[in-house]
Amino acid sequence: MLQNKLVESPIEILNGWKKAVLVRYGELSLKSESTRRFMENVLIRNIKWMLNRKKVPYDSIFRERGRIFLSSDSPRMVAQVLSSVFGVVSTSPVLVTSSEMDEIIRLSERVADVLIKPNDSFAIRARRVGTHSFTSIDVEKKVGEVILARTRNLNTKVNLTQPDKCIFIEVREKKTYIYHEVFPGPGGLPYNSEGKMVALFSGGIDSPVAMWLMMKRGCKVVPIYFDNTPYTDESNYNRTMSVIKILREYATQDKFYIYIVPHGKILEKAITQAPRRLTCLLCKRAFYRVATIIAEKENAKGIITGESLGQVASQTLDNLMVLNEATHLPVFRPLIGLDKLEIEGTAKKIGTYEASCIKTASCSAVPDKPRTKAKQLEVKKAEKELMDTIQEESNLAKRIYIE
Numbered sequence: 001m002l003q004n005k006l007v008e009s010p011i012e013i014l015n016g017w018k019k020a021v022l023v024r025y026g027e028l029s030l031k032s033e034s035t036r037r038f039m040e041n042v043l044i045r046n047i048k049w050m051l052n053r054k055k056v057p058y059d060s061i062f063r064e065r066g067r068i069f070l071s072s073d074s075p076r077m078v079a080q081v082l083s084s085v086f087g088v089v090s091t092s093p094v095l096v097t098s099s100e101m102d103e104i105i106r107l108s109e110r111v112a113d114v115l116i117k118p119n120d121s122f123a124i125r126a127r128r129v130g131t132h133s134f135t136s137i138d139v140e141k142k143v144g145e146v147i148l149a150r151t152r153n154l155n156t157k158v159n160l161t162q163p164d165k166c167i168f169i170e171v172r173e174k175k176t177y178i179y180h181e182v183f184p185g186p187g188g189l190p191y192n193s194e195g196k197m198v199a200l201f202s203g204g205i206d207s208p209v210a211m212w213l214m215m216k217r218g219c220k221v222v223p224i225y226f227d228n229t230p231y232t233d234e235s236n237y238n239r240t241m242s243v244i245k246i247l248r249e250y251a252t253q254d255k256f257y258i259y260i261v262p263h264g265k266i267l268e269k270a271i272t273q274a275p276r277r278l279t280c281l282l283c284k285r286a287f288y289r290v291a292t293i294i295a296e297k298e299n300a301k302g303i304i305t306g307e308s309l310g311q312v313a314s315q316t317l318d319n320l321m322v323l324n325e326a327t328h329l330p331v332f333r334p335l336i337g338l339d340k341l342e343i344e345g346t347a348k349k350i351g352t353y354e355a356s357c358i359k360t361a362s363c364s365a366v367p368d369k370p371r372t373k374a375k376q377l378e379v380k381k382a383e384k385e386l387m388d389t390i391q392e393e394s395n396l397a398k399r400i401y402i403e
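Letter 313 of the sequence shown, counting from 1, is numbered 313 in the numbering used here, and no numbers are missing.
If you are wondering where the hints come from, they were derived from the structure by calculation, not from laboratory data. This list has only true hints and no planted wrong ones.
Keeping only pairs whose Cα atoms sit at most 27 Å apart, straight-line, the calculated DSS-like set for lysine-lysine is:
#, residue 1, residue 2
1, K196, K349
2, K359, K349
3, K48, K175
4, K373, K265
5, K220, K196
6, K384, K265
7, K369, K359
8, K255, K196
9, K384, K269
10, K348, K245
11, K54, K220
12, K348, K196
13, K269, K398
14, K380, K265
15, K165, K142
16, K245, K216
17, K359, K265
18, K55, K349
19, K349, K165
20, K175, K141
21, K54, K216
22, K265, K369
23, K398, K301
24, K165, K18
25, K255, K55
26, K245, K301
27, K340, K220
28, K31, K216
29, K174, K48
30, K380, K297
31, K54, K245
32, K369, K269
33, K141, K165
34, K269, K373
35, K297, K245
36, K349, K48
37, K375, K265
38, K297, K255
39, K174, K142
Given only the sequences and the hints, what does the whole structure look like? Please build it.
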């Protein structure tokens, strides 16, 4: 959607009209009545939580079909904060007037006085919901004619294709909302509207993106980090904590935590008591098994991983089948069909890319020639020596709370 970036915003400086924020949501409106109502309630709860966390003031919150509105004297700040809330498609700071044509024109004129500069092209975009004596096209024509005449001395012109400035007018039954900025949101479903999952989390580029994508689909996610010390050093842990703090800002919940699992003992057994080429697979299957135990403790319904088909040796189709057998829980791989550039693009968009690229020590346990097409029987046979350590490892897992 078009977004006008100005230092001076008419929404902020014009007085005499009520100020508010318009919040748009997408697929929620396609749900059944009961499901839509439930998800709207979750979304409103998350909106309130985020504003309280960021200490951004608002006066009241109410909803109409397909829209949520917040009254606030700081609408631009509210709109920007809420553009990171899952379930929100976009937000706009707005000025509110009645749905009488004369009042719509009057406020639109005042907005244009501040917004439109010499030699600007402009467009009027109107949307109407409800019963009125005019259509949305009528609004666009009448408001456009008045503003063109009012700004003729500025050498302005109408451009409906690529205007320099755009005034949006949303007419509803009794009130009309006028705005010029649209802040895109992540969309998806409200966080914690679809239950809980655990995520294998390394802090690299892939796993944070996978976790974020499932959060976007409404899942409350508990990340699990496996500490491979002494085969890595603390740089991996430090990177993980830097990245999880970024994702924490998307999680609209009071108590957000990550499990830290000491994994060195199992890794040592995998190296010394099993075929060397199977080390990575045995390590990853242990991840799945410990994650399953933690998931059951958390009453979580699945495991999220950052695996992308064919990206590394353990992520071939044959090896993914071997990994799946290590858990009875469904495994969710939201990156499975994405290439590296697509994953990196999402990481940049959500703000984790730079932190994920912090240089860390490589895992010294990785074999020179890892098995790319392992068989279930050979892996299960090699895994027997590790099984007694699985429960021990899960018992040593610690919760680290992220403020």
